[in-house]
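Number of protein chains: 2
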Amino acid sequence: MITVALPKGALLSDSIRLFQSVGLDFSAFQDSANRQLQIEDPTGTAKALLVRAQDVPVYVEYGQAHLGIVGYDVLREKNPLVANLADLQFGGCRMSVAVRAESPYRSVLELPPHGRVASKYVHCAHEYFDSLDLPVEIVPLYGSVELGPITGMSEAIVDLVSTGRTLRENGLVEIDTLFESTARLIAHPLSYRLNGGDIHKWVEQLRSATLNC
Amino acid sequence: MITVALPKGALLSDSIRLFQSVGLDFSAFQDSANRQLQIEDPTGTAKALLVRAQDVPVYVEYGQAHLGIVGYDVLREKNPLVANLADLQFGGCRMSVAVRAESPYRSVLELPPHGRVASKYVHCAHEYFDSLDLPVEIVPLYGSVELGPITGMSEAIVDLVSTGRTLRENGLVEIDTLFESTARLIAHPLSYRLNGGDIHKWVEQLRSATLNC
Numbered sequence: 001m002i003t004v005a006l007p008k009g010a011l012l013s014d015s016i017r018l019f020q021s022v023g024l025d026f027s028a029f030q031d032s033a034n035r036q037l038q039i040e041d042p043t044g045t046a047k048a049l050l051v052r053a054q055d056v057p058v059y060v061e062y063g064q065a066h067l068g069i070v071g072y073d074v075l076r077e078k079n080p081l082v083a084n085l086a087d088l089q090f091g092g093c094r095m096s097v098a099v100r101a102e103s104p105y106r107s108v109l110e111l112p113p114h115g116r117v118a119s120k121y122v123h124c125a126h127e128y129f130d131s132l133d134l135p136v137e138i139v140p141l142y143g144s145v146e147l148g149p150i151t152g153m154s155e156a157i158v159d160l161v162s163t164g165r166t167l168r169e170n171g172l173v174e175i176d177t178l179f180e181s182t183a184r185l186i187a188h189p190l191s192y193r194l195n196g197g198d199i200h201k202w203v204e205q206l207r208s209a210t211l212n213c
Numbered sequence: 001m002i003t004v005a006l007p008k009g010a011l012l013s014d015s016i017r018l019f020q021s022v023g024l025d026f027s028a029f030q031d032s033a034n035r036q037l038q039i040e041d042p043t044g045t046a047k048a049l050l051v052r053a054q055d056v057p058v059y060v061e062y063g064q065a066h067l068g069i070v071g072y073d074v075l076r077e078k079n080p081l082v083a084n085l086a087d088l089q090f091g092g093c094r095m096s097v098a099v100r101a102e103s104p105y106r107s108v109l110e111l112p113p114h115g116r117v118a119s120k121y122v123h124c125a126h127e128y129f130d131s132l133d134l135p136v137e138i139v140p141l142y143g144s145v146e147l148g149p150i151t152g153m154s155e156a157i158v159d160l161v162s163t164g165r166t167l168r169e170n171g172l173v174e175i176d177t178l179f180e181s182t183a184r185l186i187a188h189p190l191s192y193r194l195n196g197g198d199i200h201k202w203v204e205q206l207r208s209a210t211l212n213c
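Chains as they are written, first to last, in UniProt numbering: chain H, 1 to 213; chain R, 1 to 213.
There's no promise every hint is true.
Same chains, same names: a pair is fine if it fits in one copy or spans any two.
Okay, derived cross-link-like pairs now, SDA-like style, lysine to any residue, Cα gap no bigger than 25 Å in a straight line [stated by the list, open to error]: (1) K78 / G143; (2) K8 / R116; (3) K78 / E127; (4) K78 / P140; (5) K8 / R35; (6) K78 / F179; (7) K78 / H123.
Since the hints were derived computationally from the structure, they do not count as laboratory data. Just so it is clear, the structure is predicted and the values come from calculations on it, not from any experiment.
Make the full structure from the sequences, and use the hints.
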């Protein structure tokens, strides 16, 4: 039986719809009464784990799930040892640098040297500013990074932006984009090569379902 | 004006009650319609930031908040450069090792060498198993660590336990405790020494309020 790891949050409903289009029904995860984190498809051909987006690559890396769906942002941040098999075209967003609208900065090159940048994506932020040879201090936060510039703790933030509503509500504007992100289909590289659980068949079906969307 | 950082989640209501007992009212954070992450006490003597528990020490360390309330578990895990001023006696819980009830392990010393332990508290887990000279692999997860033993990815977990309900619901039992945790009052060491914003007065009042509880 094949096991897939699905991410809680923004990508869940599209992920469930994609698997439904190839005949696997994990919609029980969307039932508000459901507390189970591990369910079987009603046909008994597949199992799904419901985990945090950042944990999807962990379950795939450790071989607990043959396939997983996760945002490209997580792959860029954690650099896990998984095969990135397909761009699933949904969950589009971008990793951006934002500053207070009333600040004088309109490009990252204008940020003060040794200024501070708050982010949940510490690795992505480091990589980006290093590539520009801009010496900034990354302040690692777990949530509400927009508070960084509001409280004056940091000049800028690096964060994932989809509609931009949170930025607007907090008086922040984007000044640069690190990369665009979409949902990706990932697999354990060895399972994929050895075709455990008929992975190839499912991957082909998921790829065609994506192209026909 | 003094600024305090309050943690979202389990410690929030007791934290607000403590500050109310010394005359500072931040109960607006409990209003479900409130979306603000930064508010002023109605008397205008103090400001509060509402942040993730793990971010409280960051705001204090970087000098954006004079005082903060945070669980001892976060201090143990992140080891921030803050002054731990008082045990506030609420938010009691413990950092425990748990395994599946049907597993043969009844003590950490029985865990298989090079076995796997899933945890959100990677630093605490490493420190603990290193102190016992037990070579285990820590699997870093962001949420639902109980899925580790359930899926067979790990033999054990290290996690924060308060009532034990989550463990029971997932068929897990505690076999060891790393440490007990309660809410702590923290301050920026330098601000505290320099008595910025009349910190000493507030700390003394908060300490007496705690003792009189």
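Up to 25 Å CA-CA - E127 versus K78, copy category: both (12 Å within a copy, 23 Å between copies)
With 25 Å as the alpha-carbon cut-off, assign the pair K78 and P140 to within, between, both or neither. both (15 Å within a copy, 11 Å between copies)
Is it within a copy, between copies, both, or neither that the alpha carbon of K78 lies no farther than 25 Å from that of F179? Within one copy only: 15 Å inside a chain, 29 Å across chains, cut-off 25 Å.
When no copy is specified for K78 and H123, does a C-alpha distance of 25 Å or less occur within a copy, between copies, both, or neither? both (8 Å within a copy, 18 Å between copies)
Are the CA atoms of K78 and G143 at most 25 Å apart within a copy, between copies, both, or neither? both (17 Å within a copy, 16 Å between copies)
State whether the alpha carbon distance between K8 and R35 is at most 25 Å within one copy, between copies, both, or neither. both (13 Å within a copy, 23 Å between copies)
How would you label the pair K8, R116 (within, between, both, or neither) given a Cα cut-off of 25 Å? Classified as between: cross-chain Cα gap 24 Å, same-chain 30 Å, threshold 25 Å.
Comparing the model with each earlier hint shows no violations; every hint is respected.
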